[in-house]
Amino acid sequence: MRKLHDAIAFLRSQLRAASSLVPLIALSLLVALALTRVGVTMAYPAFQSPISPIETPVVAPTEVPPAPPSESPEVPPTEPEVPPTAVPGEVGTPVAPVTEPEPSPAGEEPTREATQTPDTVEERSSSIRGLSWAVLIDTCVVGLSSLWLCCGGIALVLFILGVVASFVLRAA
Amino acid sequence: MDSRASALVDAARLILVLLVILAFALRLYQLDYQSLWRDEVDAVLFARRDLSGLLPLFVRAGHNGPLYYLILHFWTRLVGDTEFSVRFLSLICGVLAVPLVFRLGWRWVGWRGSLVATLLCATSPYLIWYSQEGKMYALLFLSSLVSTYIYLLALDRNRIYLWAFYLLLTAASMYVHLLAVLVVSFHFLLFLVTWPRYRPALKSWLATFVILTLPYVPLARWEVPLLLSPFTTGHQFYRLHEILTVLLFAFSLNVVPYRGLMPITLFVFLLLAGIFLYRRTNWAVESRALRRVIQNHQESVSLSLYLFAPIVSLFLLSLVMPIFTDRYLMTVVPAYLLLLACGVVAIRQRSAALAAACLALVLASNLYVVFLQGHTRIKSDFRSVAQYVQQDGRGDLMMFLIPHGRRVFGYYYQDPFRWAEPPHTNRGVGADEVAEAMEEATAGHDEVWLVVSEGELWDSRGLVKGWLEGHGVLLQRRSFARVETYLYSLESRAGLRCAGCSAPRTRDYLPQDSSCARL
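As you go down the protein sequences, you meet chains A and B in turn.
Numbering-wise, the first sequence is residues 0 to 171 according to numbering that gives the first Met the number 0.
Numbering-wise, the second sequence is residues 0 to 518 according to numbering that gives the first Met the number 0.
No lab work stands behind these hints: they were computed from the structure.
Beta carbons are placed, not taken as given, at the ideal position from N, Cα and C, and that holds for glycine.
Result set (SDA-like, lysine to any residue): computed pairs, CA atoms no more than 25 Å apart in a straight line:
hint, chain 1, residue 1, chain 2, residue 2
1, B, K202, B, R106
2, A, K2, B, L353
3, B, K202, B, D155
4, A, K2, B, S350
5, A, K2, A, Q13
6, A, K2, B, A355
7, A, K2, B, A352
8, A, K2, B, R349
9, B, K464, B, E439
Covered by chain B, per the in silico footprint, the following chain A stretches (three or more residues, Cβ under 8 Å):
hint, segment
10, 25–33
11, 139–145
All chains, please: the whole structure from these sequences, using the hints.
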């Protein structure tokens, strides 16, 4: 009986202590509710990575800029398969995505890989040299504006936090 | 050190050893259960290159993680390039990170918080996932963790060799992954926020950050022009709150579709408790209010910076060029785990029972997700596809949507095979061009396999499959995780449609329309 009494007393004291956490629990619930309503997690492609620009207009091979910093920027040369029976370059000859192969070293699939690889390093470099000044200035201006807005946002948050903190500390 | 403190340290060390063993066991469990996916196979193919093919990647535009491929090159020379051996390298990095989280935690949140963080690290489904993947992320996690730990040591002790070691590690991290540089933003801000705590190290700190720009120059040479170009990466743009949501789910529950409200509420609760309630230092500093708040909550402020500075940096970068993917922020996972641990400790100060319950629930959630990861085919299952095609024995041409699947298929399919690349219709290729290309690609072939994985990235309108259905007979179809296989017969390319319902005929259909199941 005494043990039961002790257990109830313990639970009561724990509940009393935990009651101070109720506002935080409520806040967590609200935050979690808001986050689960965002819906972005369902459409998010988990561990996958993109293979090429999605829904972008056709870009001529010589205009393809360097590959993005994704994990598989190009196809390594070692290929165990036999080359396809079709004549190289006949099948589609698509504007290769940025993850396409570079010319293979001697002795390994010499022609096909090369014909399907328009975005070689030289072409990438030429695309950078051909960068439009208008685009560059535009990008800089947009970037600076975003940075300015962000700094303003951070400054505002810091200011509010500072005011709240000073009140809290004064009260303490 | 008194006897009680000494006993505590001994106990903590013993628990740490047990946690490292647990981490190893969880990472080893079902290590090769998932098939390799395309990026892993790319890593293997990179590693198969000789040094003359690998070393130029360090300075070549568009290359990410050359140091990892170099390490993997030597590793696979040593142990082979099977799924198990390739992933074992990541496993080693993942296990080594566990005691480092403990060391880092010990400095910031004391032994209790540190042990909780280590337990969370050992059982984290996210970290286990990447410790079982043949890519650079486990190494990135480890290298950034070591870099941060050495940085803290260098700030404290201000020794030249520590600063040099920090420089070396941080530079190496940048070549393990381009976005490892994001964690430097945290290092930079930490010094400023904790000012004047590390004042004696000011000169070394300044010199280090100046020198740190040098190893970044080869990367900046092509990264900056790329950033300023109108190039699109293929990554979707995410707003900041979306990034935070994705990261919260990823770091807590990883990729398993396990999206209930309650588990995520628990993680949010612990995170908020760690940020707002945790307080270790108890200094009575007579200074301005804001500084006193920072100093009184120095650990949670530092850890919040560790967590959020790289995230905000990546978001700012994404304003110029969308680049967000959760694993690129692998470097902030230690901060997330330490903040969760701080949350547990802060709740324990109020209610030990509640803290124990929270920790038990988090562990249960972690182990449940780890179990799901080890028993659900999540990655595209090209291993089974290769076995299936090999066993079937039919088909004289392979077509892959997306063509990148060919490399993964080739990894598993040991025999030579003939293949053709379907047209990239998402680039604005029309039906007529597709028809022409497909006619040429399949000329002389009677039976064609179409292997579809992430096909919408290449042919979102389904023109390639549509052409095969219109010009061939579907012999069989089989679904695997994230991969569909179709075998078409192209023996007779005329009159292939059922006159009754105009559906493509399959081998089961007899020539007479009356036998069509759809009639």
